[in-house]
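Protein chains: 2
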Amino acid sequence: MRYLGIEEIENIAIGAALLGTGGGGDPYIGKIMAIQAIEEFGPIPLLDITELEDDDIVVPSAMMGAPTVMVEKIPSGEEALASFKALEKVLNKKIKATMPIEAGGVNSLLPLALAARIGLPVVDGDGMGRAFPELQMVTFYLEGVSTTPLVLADEKGNNLVLNTIDGLWAEKIARSATMVMGGSVMNAIYPMTGRQVKQSAIYRTLTLEEKIGRTIREAKSNGLNAIDEVLTLLNGFKLFTGKIVDIDRQTDGGFVKGQAKISGLDSNKGENAYINFQNEHLIAKTDSNILCMTPDLITVLDSETALPITTEGMRYGSRVTLIGIPCDEKWRTPKGIEVAGPRYFGYDYDFIPVEKLNERNDQ
Amino acid sequence: MRYLGIEEIENIAIGAALLGTGGGGDPYIGKIMAIQAIEEFGPIPLLDITELEDDDIVVPSAMMGAPTVMVEKIPSGEEALASFKALEKVLNKKIKATMPIEAGGVNSLLPLALAARIGLPVVDGDGMGRAFPELQMVTFYLEGVSTTPLVLADEKGNNLVLNTIDGLWAEKIARSATMVMGGSVMNAIYPMTGRQVKQSAIYRTLTLEEKIGRTIREAKSNGLNAIDEVLTLLNGFKLFTGKIVDIDRQTDGGFVKGQAKISGLDSNKGENAYINFQNEHLIAKTDSNILCMTPDLITVLDSETALPITTEGMRYGSRVTLIGIPCDEKWRTPKGIEVAGPRYFGYDYDFIPVEKLNERNDQ
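Chains as they are written, first to last, in full-length UniProt numbering: chain A, 1 to 363; chain B, 1 to 363.
Since the hints were derived computationally from the structure, they do not count as laboratory data. Errors might be hidden in some of the hints.
The list cannot tell twin chains apart, which means a pair is met if one copy fits it or any two copies do.
The calculated lysine-lysine pairs, modelled on BS3-like cross-linking and capped at a C-alpha distance of 30 Å, are [claimed, not checked]:
hint: 1; residue 1: K85; residue 2: K172
hint: 2; residue 1: K156; residue 2: K335
hint: 3; residue 1: K96; residue 2: K269
hint: 4; residue 1: K238; residue 2: K89
hint: 5; residue 1: K238; residue 2: K220
hint: 6; residue 1: K156; residue 2: K85
hint: 7; residue 1: K156; residue 2: K172
hint: 8; residue 1: K94; residue 2: K335
With the rest of the complex left out, here is chain A (with noise of 0.2 Å):
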């Protein structure tokens, strides 16, 4: 166990929105609420998945809802607490410890403001090494892990308990609820014992994400291509550099949809080449070439600082590097891509690997 204090906020913070792949809420956000959290309680307690208990009960705590909505109504924190207390006394069992259902944006933080604030540890994990859309979109879920009981809970003081016949309808039903709940709302979601999360969970999210941060900061201090240090520390590869020229963005269904158009610079000078997102980026391509598809992770980063924007932060103009990262062998199986594969969000394509992909693509 060690402890997470501002610093590493700050570097969990960078990392976590380049794992979110454009998606999962603004970071920003959810570095305030864990700063602040730490300010007023001290340091959170980081548990490696090792160090779990296999009875332990551990409860993942999400935002469910579109980024944009987000990003106006601010969580109090207190929406969190609530649907852990719900949770609780629905399962009649005390929780030993929260962890990120995502490796993305806001999710990645909220947990870590409300483990400080209800002096919980935070284990070193995540269900996706990434971000994703829907509620059943997690390594728990591929493993069998039921998604509920779930708790959804308000900043009015509502709050829901689902019991689902699987994760499709937990989705469903909540993503309704949400919507109505005012377009966010905090999850109590996918309770599980130690054991569960040992083989369901991707391990040591928090300390890649804090590495990412470290390695961006640290390079630009020391005069190296921050970019090329991340695609070192992450197995990725640099699929196209260019200048956003259109940009086409709309919330539909609690989702924000769209794409964005870049025109090549540098090697890809005369090139174009397109993203297609549904709050993370799914599918980068050119005219002529894939690039990279889901459930491999695309991240659009900014070609002077280094640092991950987020599908709500592209804007007419910017220079950006787009990069490709191998996602979790557990997303490469048979059910991972069907739960979370090109076909799953309407792409008419077998997925290849974006290693593959960019063998091709460099012949």
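Chain A is fixed; fit chain B onto it per the hints.
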């Protein structure tokens, strides 16, 4: 305590359709389910409210959704059972009896089917003395009983437990979940103590429904005018006699909304009457006068058979008699008018009791 058998159910179904003021779903479905349950499990014990112990737990059972959906998606009985089991777990108490939430159509009869199935008595009362379209439109709510914990269960095996700050939020969230869960669900709602039932319920609704059914059936076999007999029983008013010449009905936001136009016959020849409904009939008027308005009861009877017609049963060409019945005094309080009066439904009228409106029309 007395027992309800098949003959009583036949009469109750007629009374329920009449007090249902056009809404509450097709009583036929509820009747079939109650009769099947009695055939399988025996007669249903009916408890007078005065027979309840003060600390007995009583939980009304009701279907939520658009009546037109209910007709196509008949409940199996498992949903109601599942909602009760889930609520007992939440309350951590044994439920002693069930009760209808409304005196309208299917929701008067479904609690009888549930009671037979799980061997609980039914309380002779309800929360409306009629039917209304929204969850907070009950005398329980007027008297400060909490709508939640409220359980919604569907036929697939999903359930959700709502805890909201008030009845309006319960209505809003439950309505949207109902739509996603297939358009109709079973609720276990307004859990109450015997003491709360005594304070807030409308007394002897099932007995009244049974009397209405018996009055109509006996009048016919005795050659009496069944409509006149019913009006005497209920202190009601004959509002208008005519033929349905237009009917406009739409499913909108989980409700069936619309208007019917009736061309006058007999003493109303030359006039037109109009009924506005949202699941239930809300306003009856002619070109020059208002005849009756919510929360008073507006019911459409077949002029020939004296049997009540639901909003979904209204057909072009049917000869009908509109009757108006004073609602329970609980609805005529300022809070009752606020919750279920004309302005709540968007009609710019002050509430005037049906007996006043019909004095005036008689001048």
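Verification of the hints:
For a Cα distance limit of 30 Å, the shortest separation of K85 from K172 qualifies both inside one copy, at 24 Å, and across copies, at 23 Å. Proximity of K156 and K335 under a CA criterion of 30 Å is satisfied inter-copy only: 23 Å between copies versus 38 Å inside one chain copy. When the C-alpha separation of K96 and K269 is checked against a cutoff of 30 Å, the pair qualifies neither within a copy, at 53 Å, nor between copies, at 76 Å. Neither within a single protomer nor between protomers do K238 and K89 lie at most 30 Å apart by alpha-carbon distance, with minima of 48 Å and 54 Å respectively.
Within a single copy, K238 and K220 get their C-alpha atoms as close as 18 Å, which meets the 30 Å cut-off; across copies the closest is 86 Å, which misses it. Taking CA atoms no more than 30 Å apart as the test, K156 paired with K85 passes in both settings, with 15 Å inside one copy and 28 Å between copies. Within a single copy, K156 and K172 get their C-alpha atoms as close as 22 Å, and across copies as close as 14 Å, so both meet the 30 Å cut-off. For the identical chains of this complex, K94 and K335 are neighbours neither inside a copy (32 Å) nor across copies (42 Å), given an alpha-carbon limit of 30 Å.
Hint check: violations occur at hints 3, 4 and 8; the rest are consistent with the structure.
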